[in-house]
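Colleague: From just these sequences and the hints, can you work out the full model?
Number of protein chains: 2
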Amino acid sequence: MKTIFNHRSIRQYKSTPIEQALLDKILEAGTRASTTGNMQLYSVVVTRDEKAKESLAPFHFNQPMVKQAPVLLTICADLNRFNSWCEFRNADAGYDNFLWILNSVVDASLFAQNLCLAAESEGLGICYLGTALYNAPEISKALNLPKGVIPVTAITVGYPDQNPPLTDRLPLFAVVHDEQYVANSEERINELYAEKEAMESSAKFVTENGKENLAQVFTDVRYKKADNLHFSAKLLGFLKEQGFEF
Amino acid sequence: MKTIFNHRSIRQYKSTPIEQALLDKILEAGTRASTTGNMQLYSVVVTRDEKAKESLAPFHFNQPMVKQAPVLLTICADLNRFNSWCEFRNADAGYDNFLWILNSVVDASLFAQNLCLAAESEGLGICYLGTALYNAPEISKALNLPKGVIPVTAITVGYPDQNPPLTDRLPLFAVVHDEQYVANSEERINELYAEKEAMESSAKFVTENGKENLAQVFTDVRYKKADNLHFSAKLLGFLKEQGFEF
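First to last, the protein sequences are chains Z and V. Sequential numbering from 998 applies to the first sequence in our numbering. Sequential numbering from 998 applies to the second sequence in our numbering.
These are calculated hints, taken from the structure and not from any lab test. Since this is a predicted model, take the numbers as computed values, not measurements. A couple of the hints might just be wrong.
Given that identical chains are not distinguished, each listed pair holds provided it fits within a single copy or across any two copies.
Here are the simulated lysine-lysine pairs, DSSO-like style, with alpha carbons at most 27 Å apart [to be verified]:
#1 Lys1231 x Lys1050
#2 Lys1231 x Lys1138
#3 Lys1144 x Lys1222
#4 Lys1237 x Lys1221
#5 Lys999 x Lys1022
#6 Lys1138 x Lys1237
#7 Lys1144 x Lys1221
#8 Lys1222 x Lys1201
#9 Lys1011 x Lys1064
#10 Lys1144 x Lys1231
#11 Lys1222 x Lys1237
Modeller: If you want it as structure tokens, here you go:
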């Protein structure tokens, strides 16, 4: 519980390497997470090699922690291993569809979060890189991912060389609905986002980017519609190349 | 770490209710998980009402723990709240596409796994129900989920009334690849699945179902191709109804 409430994303790491035994323990902790039908529909590619990190960095938009962290983990949804098992056992697998993309993405995410908490409980710091989905084809090629495998997220791991403040969150009732989903009326939205919008850092983002409000910083600067559509189409194309039909 | 390595899915619960303060703490622990751009693209609907649990049970194929557990949590990927915020702030949201389905499914999964570990660290037991994706339209209707919201998984929570053994996992090297993904040759697959196939319980499943091997129990009994295709198409249709375009 303490580990959970202490989490902050770490973007600066010491050069101290991570011992293999510790890394194995953390990855094994990942595998203790629940998984669809105990099928373990995930894999992780461990990148420690400096040159490999350098070649992956552009696919994560050159975020500096990719090269700086001693370990980069690429977390993959993986139907290849299960499909291969079926193939070699003369069993007729039917997992190359949309339902199983989502099942395996959930599996991979639970594995990832378990290993992150295990890492943090051992004094390591982590940062998720959502960029894995943006450049899935390039990452897939670099890591030799076969059909049925999708890089879902990447995680940098290392000993923290910073201690950033806790990140703000919406009030709990923004995400918790009792018995029925409460519609997001304008009044409710104003209430849920009041604190976030009033933060000094938010005002700074708005001013720096010449926008009217914080929401526009997201839609016009951070995650723009044109970019979203581009990367979404790219991701869909990649999934079809990876053998999924839908 | 101890909590992680102690995890087993709990399918029998005591009738002891969960205090509201404890449940809130667990849900708050969920919100400390990493989230895409701190957008918190998830929601949870809490079901305690007996009649509500009864009406949801068939959508989880009447697994008995749905009615027996004091609390059922339906974990949702949620773009509605963020989109509503954008709408009321005159910001042009572009999140109704495939990329953001996956971003929000990952967000929802990290939230879910955090709250599960928090629950377990407080002596509660949990069980994930993958059935939420199978009957997403029905669950969505029952819980009044608006556009942009997808039930991703459900979790039963309560005080354990059983202590099942740890579930087997593949050897660690099945899921961990060093620098490059190792192709799943027949030799490798034989090695990875040897222990699982040799288990007494596996032999029992094979015999009981009149199959040649364990893989066929998965493909012909547990997760059949025809069912997968049916539920996959149903899920895709639902996502389009929920306003996603791809």
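Colleague: Have a look at lysine 1144 and lysine 1222 and pick one of within, between, both or neither, based on CA distance no larger than 27 Å.
Modeller: between (29 Å within a copy, 18 Å between copies)
Colleague: Cα distance capped at 27 Å. Does lysine 1222 pair with lysine 1201 within a copy, between copies, both, or neither?
Modeller: within (23 Å within a copy, 53 Å between copies)
Colleague: Measure nothing new, just compare the shortest in-copy and cross-copy C-alpha distances for lysine 1138 and lysine 1237 to 27 Å and report within, between, both or neither.
Modeller: Classified as within; 15 Å inside a copy, 31 Å across copies.
Colleague: Is it within, between, both or neither when you check lysine 1222 against lysine 1237 at 27 Å Cα-Cα?
Modeller: Result: close both inside a copy and across copies, 23 Å intra and 18 Å inter.
Colleague: Classify it for me, lysine 1237 with lysine 1221: is the Cα-Cα distance of at most 27 Å met within a copy, between copies, both or neither?
Modeller: Classified as both; 24 Å inside a copy, 21 Å across copies.
Colleague: Measure nothing new, just compare the shortest in-copy and cross-copy C-alpha distances for lysine 1144 and lysine 1231 to 27 Å and report within, between, both or neither.
Modeller: both (16 Å within a copy, 24 Å between copies)
Colleague: At most 27 Å between CA atoms: does that hold for lysine 1231 and lysine 1050 within a copy, between copies, both, or neither?
Modeller: within (23 Å within a copy, 40 Å between copies)
Colleague: Is it within a copy, between copies, both, or neither that the alpha carbon of lysine 1231 lies no farther than 27 Å from that of lysine 1138?
Modeller: within (14 Å within a copy, 32 Å between copies)
Colleague: Checking an output row: lysine 1011 and lysine 1064, CA cutoff 27 Å. Within, between, both or neither?
Modeller: within (12 Å within a copy, 50 Å between copies)
Colleague: If the cut is 27 Å between Cα atoms, do lysine 1144 and lysine 1221 qualify within a copy, between copies, both or neither?
Modeller: between (30 Å within a copy, 20 Å between copies)
Colleague: What label fits lysine 999 with lysine 1022 when the C-alpha limit is 27 Å: within, between, both, or neither?
Modeller: both (20 Å within a copy, 12 Å between copies)
Against the hints set out earlier in the document, no violation occurs for any number.
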